[in-house]
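S.K.: Protein sequence lines correspond, in order, to chains R and C. The numbering used here applies: residue 1355 is where the first sequence begins, and numbers increase by one. The numbering used here applies: residue 1355 is where the second sequence begins, and numbers increase by one.
For the record, the hints were derived by calculation from the structure and aren't laboratory data. Each hint should be verified, as a subset may be incorrect.
Put simply, identical chains are the same to the list, so a pair is met inside one copy or across any two.
In silico DSS-like cross-links for lysine-lysine, where the CA-CA straight-line distance does not exceed 25 Å [to be verified]:
id, residue 1, residue 2
1, 1442, 1462
2, 1462, 1386
3, 1399, 1462
4, 1646, 1399
5, 1615, 1386
6, 1520, 1646
There are 2 protein chains.
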Amino acid sequence: MSKFDVLTIGNAIVDILSRCDDRFLEENGIIKGAMNLIDAERAEKLYALMGPAHEASGGSAGNTAAGVASFGAKAAYFGKVAEDELGKIFSHDIRAQGVHYQTAPDGKFPPTARSMIFVTPDGERSMNTFLGACVDLGPEHVEPEVVAQSKVTYFEGYLWDPPRAKEAIRECARIAHENGREVSMTLSDSFCVGRYRDEFLDLMRSGTVDIVFANRDEALSLYETEDFDLALASLSADCKLAAVTLSEEGAVIVKGDERIKIEAIAVDRVLDTTGAGDLFASGFLVGYTAGKSLEDCGKLGCLAAGIVIQHFGPRPMVSLEEAGREAGLI
Amino acid sequence: MSKFDVLTIGNAIVDILSRCDDRFLEENGIIKGAMNLIDAERAEKLYALMGPAHEASGGSAGNTAAGVASFGAKAAYFGKVAEDELGKIFSHDIRAQGVHYQTAPDGKFPPTARSMIFVTPDGERSMNTFLGACVDLGPEHVEPEVVAQSKVTYFEGYLWDPPRAKEAIRECARIAHENGREVSMTLSDSFCVGRYRDEFLDLMRSGTVDIVFANRDEALSLYETEDFDLALASLSADCKLAAVTLSEEGAVIVKGDERIKIEAIAVDRVLDTTGAGDLFASGFLVGYTAGKSLEDCGKLGCLAAGIVIQHFGPRPMVSLEEAGREAGLI
Chain R
1355 MSKFDVLTIG NAIVDILSRC DDRFLEENGI IKGAMNLIDA ERAEKLYALM
1405 GPAHEASGGS AGNTAAGVAS FGAKAAYFGK VAEDELGKIF SHDIRAQGVH
1455 YQTAPDGKFP PTARSMIFVT PDGERSMNTF LGACVDLGPE HVEPEVVAQS
1505 KVTYFEGYLW DPPRAKEAIR ECARIAHENG REVSMTLSDS FCVGRYRDEF
1555 LDLMRSGTVD IVFANRDEAL SLYETEDFDL ALASLSADCK LAAVTLSEEG
1605 AVIVKGDERI KIEAIAVDRV LDTTGAGDLF ASGFLVGYTA GKSLEDCGKL
1655 GCLAAGIVIQ HFGPRPMVSL EEAGREAGLI
Chain C
1355 MSKFDVLTIG NAIVDILSRC DDRFLEENGI IKGAMNLIDA ERAEKLYALM
1405 GPAHEASGGS AGNTAAGVAS FGAKAAYFGK VAEDELGKIF SHDIRAQGVH
1455 YQTAPDGKFP PTARSMIFVT PDGERSMNTF LGACVDLGPE HVEPEVVAQS
1505 KVTYFEGYLW DPPRAKEAIR ECARIAHENG REVSMTLSDS FCVGRYRDEF
1555 LDLMRSGTVD IVFANRDEAL SLYETEDFDL ALASLSADCK LAAVTLSEEG
1605 AVIVKGDERI KIEAIAVDRV LDTTGAGDLF ASGFLVGYTA GKSLEDCGKL
1655 GCLAAGIVIQ HFGPRPMVSL EEAGREAGLI
């Protein structure tokens, strides 16, 4: 028996979302579409320049866990907040979604991580993340019985930014595989891939990671190529299964010589792409852990991603389970 | 010269917004559509029962100030937060909107006020407000030169809940009138009217308040009648000018024997009525302080209200100035 379908592990972050125009990004040296890491001083400075904002719990893997739970599947999450108001908000939101979340905060400093997310008129989000309490995540935060009882353990490539999270991940992967489970990761961000390319490839080639999620840019960055077919071929050689998202073109699933193309769902207007990749992963993994065909896994992923980009904020505001049923996918 | 078009004064609150069904309200003793005052203990209990939420700066008069600024007019605000993260969020958002806001927090306790707002499928919002730092607002927070230089000073009836805010209001009204300015209030909530009916009537009849904003229920509650025409006639006797909002039926402006009916704007779907009355007041007062006809004031109010109910959250997410221009009203 599995107690959980999907365990996700990531930087526990509260998002601070606001709109801006492209010029604002340029003037302030924010790389568009990327996750820009910032320190406390730059966080203060950027916040002073930011327009009126909305706050919502985020964090890539946190969004994925929330998506899994919204589909009615069983989710767990490891991630570190501080004992402060944003930490309470993060903890509340993920638990209120039905996700098992017990990572203990241990003090007020550093404070709970926050990401200032600037959304341009095209719907693209550019993130500026102050990691705060996330830098303390380590192997002591692993709940071994949760890993052992989760069908898939999924983590963010972003976890290579804080110093000791990777130790937690290696420990989780060991426990998962010892218990016959699978391990999955998202490459997170093409710049993140640039920072940790060799380590990510090693995770895949050593069999530490079985299933890889990426978008087109991340896949190209991983293999330092402009040839997308080559990147897909390399992914298929380096891991058992990969799902590569292609924005409005949907996604492609890669398994050995198989390439399964999934269409994006029809979307009236892309309001905010925050959480799109995270929610794709949630839908895919919900299908995967329920034994669906890879095509249906991909469709569930595209459904969840298509829903989250139609509102402001990184997590679903409607029941993905209902949406999945209406689409005939669950 | 006036430095400000509108000064607003109110409880400085961060909203915590989530959806629920009507049964949840009944089961938890929340009066639908009302502002339910709660203590810290009930706040903890309700938060534990609340689903995943979004946070956004709110507070009735704070929303009005944000609306005034979004219209491109000059706004100021008095309201009390604490030195904590929610206080920072509130202060940031209102200043980032361009509102003059300098009320100094003085410590961490009581913490910044928050209102848990449950939005039912019909779009109606039911608020549960823990007043926190708002209980400390008093005459020492009045900035006399701001009052003197504001064309209209506007405050919430809700300010009769904390103990000393009414002293601040009486001081502001005195300064405003000494400087030839006008004073306006919103009746806030029909239950609030029930708590302070005699004092509100006295504010109007003593000439402390010149312009009154209300919705239909509040107007009926003020005069303890079911006869709406009688309520309007009483309003016209008790104040110089009143604007009464009527939800999907728009609003009616009352001045002496005049009754000016304003139609609501067409709205595809009411997502969340939070802030509707506050934004009506912002549009009306922007028109009023710019010397527009009462009809155009009402149209600007209905425009702003119609915009804010189409998204989740209490403040405009688009430029009201642009919307007003597109509608040919400014």
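S.K.: Give a verdict on every hint.
M.R.: Okay, the hints, checked on the actual structure:
1. 1442 x 1462: For residue 1442 and residue 1462, the Cα distance is within 25 Å both inside one copy (11 Å) and across copies (16 Å).
2. 1462 x 1386: Answer is neither; intra-copy 31 Å and inter-copy 37 Å both fail.
3. 1399 x 1462: both (22 Å within a copy, 23 Å between copies)
4. 1646 x 1399: Cα proximity of residue 1646 and residue 1399: none, with 47 Å in one copy and 39 Å across.
5. 1615 x 1386: neither (27 Å within a copy, 48 Å between copies)
6. 1520 x 1646: neither (30 Å within a copy, 63 Å between copies)
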